[in-house]
Every structure is written in structure tokens, then in C-alpha cells.
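Peer 1: Below are the chains, spelled out letter by letter.
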Amino acid sequence: MSRLDRTHALRLLVAWAVLSVVGVLIAMQVHLPPGDQSTQATDETSLLQLMLIISTPVFVGVVLFMLYSVFAFRQTRGAALEDGPPSYGNFRLQVAWVAITAVIVLILAVIGINGLTSSAAETNFASSQSALATGSSATASGNRLQVQVIGQQWWFTYRYPDFGGVESAHLMLPVDTNIEFHVTSTDVIHSFWAYELGVKADANPGADNITYVSTVHTGAFTVRCAELCGIWHGHMADTTAAVVSQADFQTWIAQVQKDNSDLHLPPYSPIYFPHPPIKGS
Amino acid sequence: MAALLALFAGFATSFVFHFPPTLTAQPTTVGNGVTIHLETVAAISDAIAFPRPEDPHPDWVSYLPTTVLKVPANSVVTISIDQEDGASGLRNPYWAKAQGIIGGTFHMSYFDDAGAPQVGDFSSLPDPTSLGHSFAIPDLGVFVPLLGISDAAPAGSHNEITFSFKTGKPGTYRWQCFVPCGAGSIYGNGNAMSSFGYMQGTFVVQ
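Each protein sequence line maps, in turn, to chains A and B. Under our numbering, read the first sequence as residues 88 to 368, first letter to last. Under our numbering, read the second sequence as residues 911 to 1116, first letter to last.
Just so you know, the hints here were simulated from the structure itself, not pulled from any lab data. Predicted model only: the values in this text are computed from it and were never measured. Mixed in with the good hints there might be a few duds.
So, partial list: chain A residues that the calculated Cβ filter (under 8 Å) puts toward chain B [what the hints assert, rightly or not]: (1) L137; (2) Q239; (3) W241; (4) A256; (5) T273; (6) V275; (7) G317; (8) D349; (9) H351; (10) P353.
Cβ atoms here follow ideal geometry from the backbone N, Cα and C, with glycine treated the same way.
Sequences and hints are given; from them, build the entire structure.
Peer 2: Written out as C-alpha cells, the structure is:
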């Protein structure tokens, strides 16, 4: 390595180090989705934050090297066009960049898989037999709650098996509770997406799709359909969903039970199969 | 290129010409507020109050005369519907309950199973399979079940359902029927249920 090369390398290294530190400090201030209303959302937010922090020095390095090369090694005006020296590869450099990239990707994979598996384990539902499987209507004890999400063209409704299978057009969840969502559909494929809770699950007719959320902060959130399901798919969104305090939830569910008193709902079931399949046949 | 432009112009023109006209609510004769009169039919060719002979789908179920409704903001809207179609039944019986309407009940003059005329106020329909259609504006929380006409009712008769609700801030809201009533399609969700201007439309509050 010539003296001139060493100067270039030193300049680049110092600039990269300084800009990376600044970049990471900025990256740590960026507000990232989906938020902190549930432990799952918090996990996703911190994983995104980690990815942003790791990728910032890489981004700075690539852009800096490109810009430095453009300006430092540009052809002087009027000089004869001349090719650079031939490059035959650099074994140590190749090993280093493959190894560093592999380590970063593997670390992220481990953290990501850990986050995915713990989202179910955190709720304590994974090891216990659910009330749905036994067909009994369990009471909401130990801060765990089952909620059934029913997609239909074009609105989601919610049944609460722990409270006699009552149904509501709006989703209310108590705070500090492990929620087990059972997502299904009565017609076509929808997708239940509670963005701020960090949860999304497909709603298939004839299938009981289970997903978990542990609520930690109160606040409003939005439920959207995330699967193109027909003419009003774009309007299949409930902006009044909320995580509320335990007391508020009890008041609300009591009102829902009262409102449901003159309804004739079918017995609670994991699926509701459309019948007949062809209308008017 | 010219052919493509012509094709596009053709689509655009046919879309504009087929876009349902707007029905502006009329002031009520008593009190303040506005009123809208609609009709639901088993087939457009059977319409009594609002015939639409030029419709390309005379055998589809539909709300008539149109499904683009315009009402003033922050006002009381009273909708009365001539329900002439038979029962189809709900897939989710939850929609048999009226929600978001003033007093929690709707007024209905109807024919019972024996074909005798009846009148009453209801908050829900006891039998979810008795619904012909429903009127819902989900974003305003308005859901009203419409009883299917009894088989024993005299020919050419209808159930009349009347209800009121308040509109809030201006905006364009969608409204729709929650009874899968698109006869001849898979699960009843096709044709009239999935085309604008038949079993759903927009509710323009301004």
C-alpha cells in the first residue's frame, strides 16, 4: 500500500467513524413503528431499532466510499483517458466482508426467531388447554382473554367466549392482559391487522387462525383488513378500537352483554361455515 | 395508440354514464331534519315505486332509486324503506340487531306469517333468517335489519321500515347490505353484492 493510498484510507476511516457515530445517534432518536401498546409491538419496534442502528454504519460506509471516490479519483480536465490498475481480488477482504455480513444476519435471525416464539409463550396459552378446545366457557381469570375475530364483507365483528360468547362491532381489550385472538371469516379471505398492536392474521372461512398479543399500554388503535376482499375492502377499518383499563373493560363488556340480550347468536364455535355455498341455487 | 385511447375513452364514458345519480334528502314536513325514501326489490324489473327500465341487470336485487345519497351534516336523517324482497337470511346473526339509530328502535309495518298486516317498533329481528336485506353505514355505527316480505303477504305489497339517526361531520361514508343476497353467486357475495349501485353505495354528508 503506497503512502497516498494510506492517506486515502485514513481519511475514509476517520470520516466513516465520525459520521457513523453521528448517524447511530440520529437513528436512536427515530420513532419506529408499530409502537409500545403490546409486548409484541415493543419487540418489533426494538428489532427495527436494532436493524436501523446496525445498518447505519454500513449505509454511511457505502455512500461515503462512493462519494469520496467520485471526488478524490476523478479524471482531471484535459488529461488522457487512462484505465486504472487491474484488480485480482483480495482474499482477506472477501473473507472479512462475508464473515461480518453473515454474523450480522445470523444475530438478527436469532433475535427475530426468539421474538416470534416468545410472542406465543408470553401469553401462557401455548402450554394450557384453551377453553375453545374443551368447549367450556372459561372466566377471564389470570388476566388472559380469548377474543374471536370474525371477518365478513365488509366489517370485523368480535366475540368474547369468556363472557358468554357476546358479540360486538368494535374491539375493546383490557390492559395488562394476554389476549388470544381466534381469527376466522364467514365469507371470503380477510386479514385482521391491528397495526399498533403488532399483530396481523389471515381470516379464512372454515379455519381458526390463532395469534397472541399481550397488552401493556392503554390507547386507541386501528383495525384494518389487510387482504383484498371486495369492493369495500379499502373501507374495512375500525378506528375506534382501543386498549382500556380493566375497570373500563368490565363496564364496556357489561354493556355489550346487555345489548346482546335480544340477539339470537349461534353457539360459540371456532368456525362458522357459509351455507349454502351458492346463493339462490 | 389511437385504438387504446378510444378504448380508454369508451371505458371512462361508460363508467360515467353508469355511475348512479345522486339522491338528495328532502326536508321533513314536520320538525327539522331530512328524509329519504328507498325501495328494495328482488329484481329491478319488479320495482313498484322507482322503476329503472334501462338498468343493464334487470334480474339483480337492488336498492332503488339510487345508492348515492346526500344529506346535510349534523342533522337528523329519517330513512323509510319499502322492502319488497323475500327473506334471504344473515350469515352472521349479529346484524339482526339495530344499532346507532335514535331510540334504538325502528318502526315497521309488515305482514306476519299468516299474511296479516302488523305494525310495531323493534330493536332487533327475533329470527336472523327472516332478513331480506339490511341497511348499514358502518363508519357511522348505523345497522338496521330489514324484514323479508312474508310469503303469505298480498302480491305487490311491501314491509315499510322507518328509522332515524344523526349525521356528524361532513364526509363520504360507504353504506351497504350485510345480507349476502347476490343470488346465483358463490356464497351470495357476487353480482349485486359486489357491484357499486345495487346493494351498496355512498352516503355523502355535507
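Peer 1: Does each hint hold? Answer for all of them.
Peer 2: So, going through the hints one by one against the coordinates:
1. L137: violated (38 Å)
2. Q239: holds (6 Å)
3. W241: The hint holds - A/W241 has a Cβ within 8 Å of chain B, the shortest such distance being about 7 Å.
4. A256: holds (7 Å)
5. T273: holds (5 Å)
6. V275: holds (7 Å)
7. G317: Check passed: Cβ of A/G317 comes within 6 Å of chain B, closer than 8 Å.
8. D349: holds (5 Å)
9. H351: holds (6 Å)
10. P353: holds (6 Å)
In the structure shown, a violation is registered for the earlier hint numbered 1 alone.
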